[in-house]
Structure formats: C-alpha cells, structure tokens
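Here's the letter readout for the chains.
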Amino acid sequence: MAFVSSETSATHALSASAVKILIAGGFGVGKTTMVGSVSEIRPLRTEEMLTELSSGVDDLSGVEDKTTTTVALDFGRITINPELILYLFGTPGQQRFWFMWDELAYEALGAVVLADTRRLESCFAAVDFFERRKIPFVVAVNCFDNAPLYEVQEVREALSIDNAIPTVLCDVRKRNSSKQVLVTLLEYLIGLAKSATTPTEASSPVQ
Amino acid sequence: MKLENEFWFDEDAGPLVRPYAVARGRTRPTRHNLEMTTLVVAARTDGDVNVDREYAHILRMCQRPLSIAEVSATLNLPLVVVKVLLSDLIDWGLIIFRSPPRTSEVPQMELLQAVLDGIRKL
Chain A
7 MAFVSSETSA THALSASAVK ILIAGGFGVG KTTMVGSVSE IRPLRTEEML
57 TELSSGVDDL SGVEDKTTTT VALDFGRITI NPELILYLFG TPGQQRFWFM
107 WDELAYEALG AVVLADTRRL ESCFAAVDFF ERRKIPFVVA VNCFDNAPLY
157 EVQEVREALS IDNAIPTVLC DVRKRNSSKQ VLVTLLEYLI GLAKSATTPT
207 EASSPVQ
Chain B
57 MKLENEFWFD EDAGPLVRPY AVARGRTRPT RHNLEMTTLV VAARTDGDVN
107 VDREYAHILR MCQRPLSIAE VSATLNLPLV VVKVLLSDLI DWGLIIFRSP
157 PRTSEVPQME LLQAVLDGIR KL
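Chain order of the listed sequences is A and B.
Just so we're aligned, residue 7 is where the first sequence starts under the working numbering, counting upward by one.
Just so we're aligned, residue 57 is where the second sequence starts under the working numbering, counting upward by one.
For the record, the hints were derived by calculation from the structure and aren't laboratory data.
Among the clues, some could well be false.
[Stated by the list, open to error] The list that follows gives simulated cross-link-like pairs (lysine-lysine, DSSO-like), each with its CA atoms no further than 30 Å apart:
(1) B:177 with A:180
(2) B:177 with A:200
(3) B:177 with A:140
(4) A:185 with B:177
(5) A:200 with A:140
(6) A:185 with A:200
[Unchecked claim] Covered stretches of chain A (in silico footprint by chain B; criterion: 3 or more residues with CB under 8 Å from a CB of chain B, positions within the stretch not fixed):
(7) 23–31
(8) 181–195
For every residue, glycine included, the Cβ atom is placed at its ideal position computed from N, Cα and C.
Working from the sequences, and respecting the hints, build out all of it.
Below, the structure is given as structure tokens:
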C-alpha cells in the first residue's frame with residue numbers, strides 16, 4: 007500500500023470515466039445472473055428513493071397513496087482500460103417504478119432486453135420503454151431448461167420489434183454467452199453510429 | 057398478479073431511519089450534476105481529516121475511483137443520501153469527481169470501439 011503522492015493519485019483518478027449499459031427484462035429472467043457472469047466484482051445493490059408515482063404506471067394495488075418508494079437495482083463493473091469503466095445495471099424487474107427513473111436511462115450506451123419464452127410478455131414494458139426513449143437495445147432470449155424453443159424470428163414477431171434489432175439466444179449463467187450478448191449490442195451500436203448522419207441526430211431523444 | 061414476489065424481508069426492506077439521519081434530513085444534494093456513474097475519488101490520500109463517521113468511511117473507500125453507485129452499495133445507503141454526503145465532501149475540497157462522458161459530445165465511435173475491445177478481452 008504505497009501511494010506516490012496525493013497529486014499523482016488525483017490526476018490519475020480524473021483521467022478515468024464511466025459508461026453504462028442497462029440489462030432489462032421481467033422478474034426472474036436472469037438480469038442479475040447476467041450481470042454477475044461478466045462482472046469483475048460480485049454484483050452490488052444500490053437503491054434510490056423515487057417520488058411522484060404517476061397514475062397508471064404501476065400495477066401494485068394498495069399503494070396508490072404512496073408518494074415515495076424505494077427501488078433497488080443490482081450492478082456490476084468491467085474495467086475496460088485504466089481510463090474507462092463499464093457499469094452494467096440490471097433494472098428492477100419486480101415492479102415498474104424504474105420507468106420513472108430518468109437518471110437510469112440517461113446517457114446509457116444501450117440496453118439488453120432479456121426475454122424468457124415462457125412469459126414473453128414480461129419484457130414488453132422494457133421494449134416499450136427503450137423504444138420510446140430512443141435507447142438502442144438488443145433482445146437476448148435466455149434459454150431456460152424446459153422452456154419452449156422458438157426461432158429468433160418468432161420471438162421478434164411476438165415482440166413486434168424491427169428486424170434490424172439484433173435478437174440472439176443465450177444462457178446468461180455462462181460468462182461467454184453473456185459476453186457474446188454484449189458484443190452483439192456493441193457491434194449494433196457501432197453500426198448505428200456509422201450509419202447516423204450526425205451524432206446529434208442519432209442521440210437526440212424524441213419529445 | 058402474483059404478490060408473493062413483492063414482500064421485502066430484512067435487508068431488502070431497507071434501513072428505516074438512518075438514511076435521513078446521516079444526511080441530516082437533506083434529500084437534495086447541493087450539487088445537481090452527480091449521477092450514479094459519476095466517478096469520485098479522495099483528493100488526499102493521507103485520510104487524516106476530522107469529519108463525521110460516514111464522511112470518513114467514504115474518504116477511506118475512495119482511495120481509488122469509484123462510482124457513486126458503488127459508494128451507495130457499500131454504505132448501504134440510498135443514492136440520494138450518498139449524493140448529499142458526496143456534495144458536502146466536494147464542497148469541502150476532500151473529494152474530486154468526474155461526470156460520465158456526454159455521449160453526444162465525445163467521439164462516440166472511439167468510445168464504443170474501446171468498450172467492444174474491452175468486452176472481447178473478457
């Protein structure tokens with residue numbers, strides 16, 4: 007434990023910055039498992055207190071009068087290089103409050119929507135959310151044991167997403183498989199960046 | 057709608073009083089530009105500063121750059137409370153921070169390629 011000097015430490019620190027990718031999908035679809043399989047740290051949990059529930063967004067009965075709620079999310083970290091850290095945030099799946107969490111989606115590079123073919127509808131909300139916010143995403147079908155097997159095209163049609171959106175099969179328990187999903191996302195993002203006429207047009211949110 | 061997944065036990069239910077207490081009731085950070093992925097690091101490495109326990113804990117933790125989300129997770133305090141505490145430390149000159157790159161400002165292609173290269177090396 008030797009520090010050269012406080013100045014050295016501080017200068018080094020300021021040269022690093024962080025980016026994030028969101029892992030979304032329904033409850034129990036394997037978001038935290040995916041984060042954990044590629045993260046260099048055991049997934050951590052942070053929480054935020056959100057206020058101002060908008061009516062019609064949540065479907066929990068009995069909490070209509072609540073004005074604040076706590077939403078937890080798990081995340082992992084990948085040190086890309088000494089200057090760049092990637093954080094993977096698994097969005098909370100058991101409730102929909104995270105849709106009000108503007109900061110979560112703000113400046114995210116992109117997202118992975120994890121789908122479970124046994125309850126495909128559980129990821130509709132996430133697909134909707136990213137489409138509305140113009141956040142690029144790929145769909146990864148987590149292949150659970152005993153889950154019905156569908157062709158990628160069938161999943162795409164069921165979710166009614168554009169053919170251009172990459173859809174892949176995966177097993178998020180396996181590091182290599184999770185890694186491949188992220189590679190697919192990044193290649194997709196690079197393709198989008200290449201085809202965008204100007205960077206501002208590509209990243210400007212709708213509404 | 058299955059409700060059994062909605063029950064929170066023990067730690068999942070979260071702390072009851074402490075978050076508000078450590079931030080002395082404040083829920084708005086003095087600095088509004090702090091985000092989950094803002095990196096923070098102690099400005100000094102000697103750690104010999106006379107501050108309250110939570111502040112000292114943050115300074116010890118931040119001898120290397122950490123995201124605000126990591127500080128929040130380690131302290132088991134909500135993000136908003138951690139942002140209040142970090143705002144104080146930044147105002148006192150004890151913590152320096154770096155905001156995440158604005159994806160509309162940085163050369164996006166270079167950034168994406170770096171991330172892709174990093175993931176491929178995993």
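These are the hints, each one checked on the structure:
1. B:177 with A:180: Status holds; Cα separation ~16 Å.
2. B:177 with A:200: holds (23 Å)
3. B:177 with A:140: OK: residue 177 of chain B and residue 140 of chain A at ~29 Å, within 30 Å.
4. A:185 with B:177: holds (10 Å)
5. A:200 with A:140: Between residue 200 of chain A and residue 140 of chain A the Cα gap is close to 17 Å, so the pair holds against 30 Å.
6. A:185 with A:200: holds (22 Å)
7. 23–31: holds (count 4)
8. 181–195: holds (count 7)
The structure agrees with every numbered hint stated previously.
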